[in-house]
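One-letter residues, chain by chain:
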Amino acid sequence: MLELKNIFRWYNSGVNRAFVLRDVSLNIEQGEFVSIMGPSGSGKSTLLHILGMMDEPNEGEYSFLGENVLKIKEKQRAELYKKHIGFVFQAYHLIDELTVYENIETPLLYHGIGSSERKSMVADILDRFNIVGKKDLFPNQLSGGQQQLVGIARAIITKPNLILADEPTGNLNSKQGQEIMELFKTLNDEGVTIIQVTHSEKNATYGSRVIELLDGRIER
Amino acid sequence: MIQNYLKIALRTLLRNKVYSFINIAGLATGMAVAMLIGLWIYDEISYDKSHENYDRIAQVLQHNLYNGEKTTQPSNPAVMAEEIRSHYGSDFKYVLQSSWTSTHILTYGEKKFTKSGNYFEPQVTDMLSLKMLKGTRGGLKEPNSILLSESVAKAYFGDTNPMNKLIKIDNKEIVKVTGVYEDLPYNSSFKAMEYILPWELYLITNPWIKKMDDPWGSNFTQTFVQLADNADLDKVSKKIINVKFNKVAKEYKSYKPEVFLQPMSKWHLYGEFKNGINVGGRIEFVWLFGIIGIFVLLLACINFMNLSTARSEKRAKEVGVRKAIGSARSQLIIQFLSESLLVVVFAFIFSILLVQLILPTFNEVADKKMVILWTNPFFWLLGLSFSLLTGLIAGSYPALYLSSFQPVKVLKGTFKVGRYAAIPRKVLVVIQFTVSVTLIIGTIVVFRQIQHAKNRPIGYNRDGLITMNMQTPDIHNHFETIRGELKSTGAISEMTESGSPTTEVWNTNGGFDWEGKDPNLALDFPNNGVTYEYGKTVGWQFVDGRDFSKDYATDSLAFVVNQAAVKFIGLKNPVGKTLKWNGKPFKIVGVIKDMVVQSPYQPVRPSLFHISKDQENILIIKINPKISSREALSKMETVFKKYNPAVPFEYNFVDEEYAKKFGNEERIGKLATFFAILAIFISCLGIFGLASFTAEQRTKEIGVRKVLGATVLNLWQLLSKDFVFLVMISLLLATPIAYFFMNNWLKKYEYRSDISWWIFVASGLGALLITLLTVSYQAIKAASANPVKSLRTE
Chain A
1 MLELKNIFRW YNSGVNRAFV LRDVSLNIEQ GEFVSIMGPS GSGKSTLLHI
51 LGMMDEPNEG EYSFLGENVL KIKEKQRAEL YKKHIGFVFQ AYHLIDELTV
101 YENIETPLLY HGIGSSERKS MVADILDRFN IVGKKDLFPN QLSGGQQQLV
151 GIARAIITKP NLILADEPTG NLNSKQGQEI MELFKTLNDE GVTIIQVTHS
201 EKNATYGSRV IELLDGRIER
Chain B
1 MIQNYLKIAL RTLLRNKVYS FINIAGLATG MAVAMLIGLW IYDEISYDKS
51 HENYDRIAQV LQHNLYNGEK TTQPSNPAVM AEEIRSHYGS DFKYVLQSSW
101 TSTHILTYGE KKFTKSGNYF EPQVTDMLSL KMLKGTRGGL KEPNSILLSE
151 SVAKAYFGDT NPMNKLIKID NKEIVKVTGV YEDLPYNSSF KAMEYILPWE
201 LYLITNPWIK KMDDPWGSNF TQTFVQLADN ADLDKVSKKI INVKFNKVAK
251 EYKSYKPEVF LQPMSKWHLY GEFKNGINVG GRIEFVWLFG IIGIFVLLLA
301 CINFMNLSTA RSEKRAKEVG VRKAIGSARS QLIIQFLSES LLVVVFAFIF
351 SILLVQLILP TFNEVADKKM VILWTNPFFW LLGLSFSLLT GLIAGSYPAL
401 YLSSFQPVKV LKGTFKVGRY AAIPRKVLVV IQFTVSVTLI IGTIVVFRQI
451 QHAKNRPIGY NRDGLITMNM QTPDIHNHFE TIRGELKSTG AISEMTESGS
501 PTTEVWNTNG GFDWEGKDPN LALDFPNNGV TYEYGKTVGW QFVDGRDFSK
551 DYATDSLAFV VNQAAVKFIG LKNPVGKTLK WNGKPFKIVG VIKDMVVQSP
601 YQPVRPSLFH ISKDQENILI IKINPKISSR EALSKMETVF KKYNPAVPFE
651 YNFVDEEYAK KFGNEERIGK LATFFAILAI FISCLGIFGL ASFTAEQRTK
701 EIGVRKVLGA TVLNLWQLLS KDFVFLVMIS LLLATPIAYF FMNNWLKKYE
751 YRSDISWWIF VASGLGALLI TLLTVSYQAI KAASANPVKS LRTE
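Read top to bottom, the protein sequences are chains A and B.
Position 120 of the first sequence, counting from 1, maps to 120 under full-length UniProt numbering, and the rest follow consecutively.
Position 30 of the second sequence, counting from 1, maps to 30 under full-length UniProt numbering, and the rest follow consecutively.
A hint or two may mislead.
Pair ranges (Cβ atoms, derived) [stated by the list, open to error]: (1) S63(A) to L384(B): 22 to 32 Å; (2) G170(A) to I358(B): 52 to 62 Å; (3) W10(A) to L10(B): 37 to 47 Å; (4) H199(A) to L10(B): 58 to 68 Å; (5) S63(A) to V707(B): 48 to 58 Å; (6) G112(A) to I45(B): 45 to 55 Å; (7) V704(B) to I113(A): 29 to 39 Å; (8) E61(A) to K409(B): 20 to 30 Å; (9) L384(B) to E61(A): 45 to 55 Å; (10) L214(A) to T699(B): 32 to 42 Å.
By construction, these hints were calculated from the structure, which means they are not laboratory data.
Being a predicted model, the structure only gives us computed values, none of them experimental.
Built from N, CA and C at the ideal position, the CB exists for glycine as well.
Construct the complete structure from the given sequences, taking the supplied hints into account.
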C-alpha cells in the first residue's frame, strides 16, 4: 500500500544539522496493523506526520497507493490524503465550539457531501460507537475517553483505508485505553490499515507488526 | 456550508463576549461617525438643489478695485437687470432685480410682526420654481401685491383663506395677498425669504431711486439670472464683464468694475473670493470633515484587524485541526471572512441605532435638520456594500494570516507566533494614535483661536447695548422727545441713530480725497452716518482729538476717523486736517481706537463717521446699568408704544449679535472635539483589547517572573512599557503633522493665536495618561494572578 525509501528529515539549528529521521525505509501492506515504538525523541511522531503527508522529508521517496507523493502537486496530494487517510491525535483535538455531532460531521463538509447523506452517515457512526445520547454535548462536557472516541469517529467517518494514530491512548486510563484498542482491532478486521505510534507494550500486542525506532533509525 | 460557518461564527462571538463587544462597538462607532459625516456632507452639497432650475440660475456679482485690492461684492446698481436685458437678453431666460432680504413690519388687523422678505421682479416665482399652494406664479404682476410663504400665511391667517386679504407694510403701503407658496427648505439660499413683494413697489415707495443723477454710482440691490436653455455660463459671464464699466461716470472708472455670473451650484460652498478668484469657502469644511470621517473609520477597521489577528493564537489549534481533517486553505479563508462579515453586519445595525440616537444632538451642534435617509435606496445600497467592503478588507488580513498556520506545528503544541508577527499590529496602533493625537492637538488649537479672538479688545462697550430697526419715520421725527423721555424714566443712559450696527458694515462710500492722495487710487471706506450721541452710546475711545459736539456748528461737516484710516491715508497729525468727500471739505475732529466691527479675526478697516440729519437705519440704545435690563426694557416698551404704536417692540442685544460671529468656529470646535473623543475612544478600545491578549499570551512568563521575585510594580512596568513606547512614537509623528495643518488653518485669520509648545506637551501627556489607564487594568490584573495557576501545565 505504501512505501518509504531512504527518508531523511533534519532541522537546521545554526550551523548544525539535527537529524530526526535517518535513512528510514519501510513497506506496509494493505490490512496490516503496525505499531511504531521507541524512546522519546526517536522520531516516531515525525515519521507518522510524513506518512500522513502533513510534513515533507528532506530526502527520500514516498509512494502511496502507487503514487509518488513527493512529486505530485500540492492539490493532488491533498486529495489523496483527504480520501484515504484518517488521523487520530493524542490530545484528541476536537473543535471546542462544535457539538459532538458537528465535530464528527465536519470532515464530510470538506468532502462536499450533501446534507441528507451526511445525516445518515453521522447517525450510523453515533450508533456504532453508542454515543447517540451525547451528540449535542460540547467536548468540554465529555470525559477523556469519550472525547477520544469522538476523535476516532471523526477520523473514520470518511471511510479511509489508512488510519494513523499518534499515541491514541496516551491521555487515557487503562480501561478507556483498552476500549480504544479493541475498537482499532475491530476496524482492522474490517480491512482498515492501521499504523499507530505507541509507548505501551500492551497496545503493541494488538498489532500484527512492530517497528522500532532509535535515534531516527529503524532498529527492527 | 455557509450555514455551518455562520453558526460557528455566532458561537465564537458569544463565547468571547468581551472581545466581541469591543470589536462590534469599535466598528459601530467608526461607522456611525462615517454615517454622520456622510449625512452632513450630503446636506451641504444638496443646498439649493430643491430648485428645479438649479443648473441654470446664477447671481450677478462684481469685482472692484477698492483701496488697491480686488474685492468681490454681490451688490449692484438698481438698473443692472435692465441693462443686461437690453444688451444680452437673448442669452437669458430671466434677468431679475431684487432688494436685499430685509425685515419689514407686516400688519393685518391686530396682528403685527416683523418678517423678512424681498422686493423681487415678478418672474422670481418661475425662476425658483415655487410651489404655489394658493394663487398662481403670476401673482406679482400688480405692484400692490404680496406673495406669502406657507408659514407666514399661517401666522397671520391660521386656516382661513388669505387670498385677496389686505396687509400693511411698514405701516404705509397696502398690498393684496395674491398667492401663498410652499416654504422653501432650510437648505435653500432663499430660505429667509418669507414673503415676496414686487420690485415695482420698491421703486414706488422709494422715488429717489428713479430720480438719482447717477444710477450707476450706488450699489444697493441684487441681481439674479436664469440662463437661456442653450447658453453657456462661462461664455455669457465673459460677455457681460464690462456692462457696468461702460456706464459709470469717468471718476468711477478707476474702480475697474468687472461684472460676472456665479452659478447657483457654487453659492453655498464656494462663497469666498480673494483677489477676484473664487478660492473656496465652506467646501473646505466638507473636505475637512470628509477626511476626518475616513480616518475615524480607518481607526475602527485597524482595531478590527488588530484584535482579530491578536486572537490568532487561540484559533491556531482550530486551524490545525481543520486542516488535518481535510480543509483546504481557501475554505478556511472563507470561514474567517464570514466571521468578519457577521461582525460587520452587527456593527452596521448597531451603528444605525447609534446614529439615530446621536442625530438630534448632532443636528443642534451642526445647526442642521438632518435625518437618516430611511427611504432612500441609495443609502441602503451604499451602507450595505460599504459594510461588505469593510468586512472583506478588514477581515482579509486576519483570514489570510490565520489560514496560513501549518497544522503540524500547531498541533504539536510548539507553535508560537514569531516575534515579527506583532510588528504589523504595532504599526497599526501607531497609526491610530497618531491620528488621535493630531485630532486632539487640532481641537485645542481651534479653541485657543476662538478664545483669542473673543478676548480681542473691541474698542467699544457691548454691555447693555441694544439695537432697534426703524422701519417707520415716527422715531426719527420725535428723536429728541423720545430720548428725553427714556432718559427721564431712568431706562437708558443714551440713545443714537446709526446707519450700521456696531457689528456690521451696511454702508461704504468712495469719493474721498486728501492732500497727496494718489489720483488713481479708488477708495471704499465704511462711512457711518450717526447722531451726536453715538460716541456716548457705544463708548468708543479717543486717542486724539474729540467727539462730535453740538457746541461746534462746523461739526455738521466733520469726520471722526479710526486709527486704521489714519494709517491708510498716512496722516501725521490727523486732527484738524481736511478730508474731502465728493468735493465737500470735511474736518477731522477726532481719532478713535479701532472698533472691531466685522470679523474678529481680520484687521479693522479704515472707517469714518459723520453727522447725519436724515433718518438712519437703526437706533442704538445704552440701557441704564443701574437697573435690570428687564425693567429697562419694559419702561422702554411703554415709551415706544406711545410714539410708535403701529410697530412691534423688537430689539437685539449687541453682545448676542457679536457672539454670533464665533458661531462658525465654535461649531467646528465642538465637532472637532466630538470626533477627537471618538477617535481616542476607538484607539483605546483597540489598546484595551491588545493589552488583554498580550497579558494572556505572557501568562506563563509572568508566572515565572513572579516566582523569581518580581513585584506587581515590576510586572506592570514590563507590560506597559511596550505600549508607552508605541504612543511616544505616535507623538513624534503627530507633532509635525498637526503643526503643519494647524499653521495653515490659522493663516486664514489675520488676528490669530500662536501655536505654543505646551499644546503638544499637554496632548502628548493626555494621550499617554489615557493609554496607561487603559493598559494598567490588564497589566495589574495579570500581574496579580497566582503564579501557581499560570504555571500549571495542561
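The hints, checked one at a time:
At about 52 Å, the beta-carbon gap between S63(A) and L384(B) misses the expected band of 22 to 32 Å. Between G170(A) and I358(B) the C-beta distance comes to about 57 Å, which sits within the given range of 52 to 62 Å. The supplied range of 37 to 47 Å is met by W10(A) and L10(B), whose beta-carbon atoms lie about 45 Å from each other. At roughly 41 Å, the beta carbons of H199(A) and L10(B) sit outside the given window of 58 to 68 Å.
With their beta carbons about 52 Å apart, S63(A) and V707(B) fall inside the hinted range of 48 to 58 Å. At roughly 50 Å, the beta-carbon separation of G112(A) and I45(B) lies within the given 45 to 55 Å, and the hint holds. Checked against the hint of 29 to 39 Å, the pair V704(B) and I113(A) fails, with Cβ atoms roughly 48 Å apart. Taken as a hint, the range 20 to 30 Å holds for the pair E61(A) and K409(B), whose Cβ atoms sit roughly 24 Å apart.
Against the hinted window of 45 to 55 Å, the Cβ-Cβ separation of L384(B) and E61(A) comes to about 54 Å, which satisfies the hint. As the Cβ distance of L214(A) to T699(B) is approximately 37 Å, the hint placing it in 32 to 42 Å holds.
Going down the numbered hints, you'll see the structure goes against 1, 4, 7, while the others check out.
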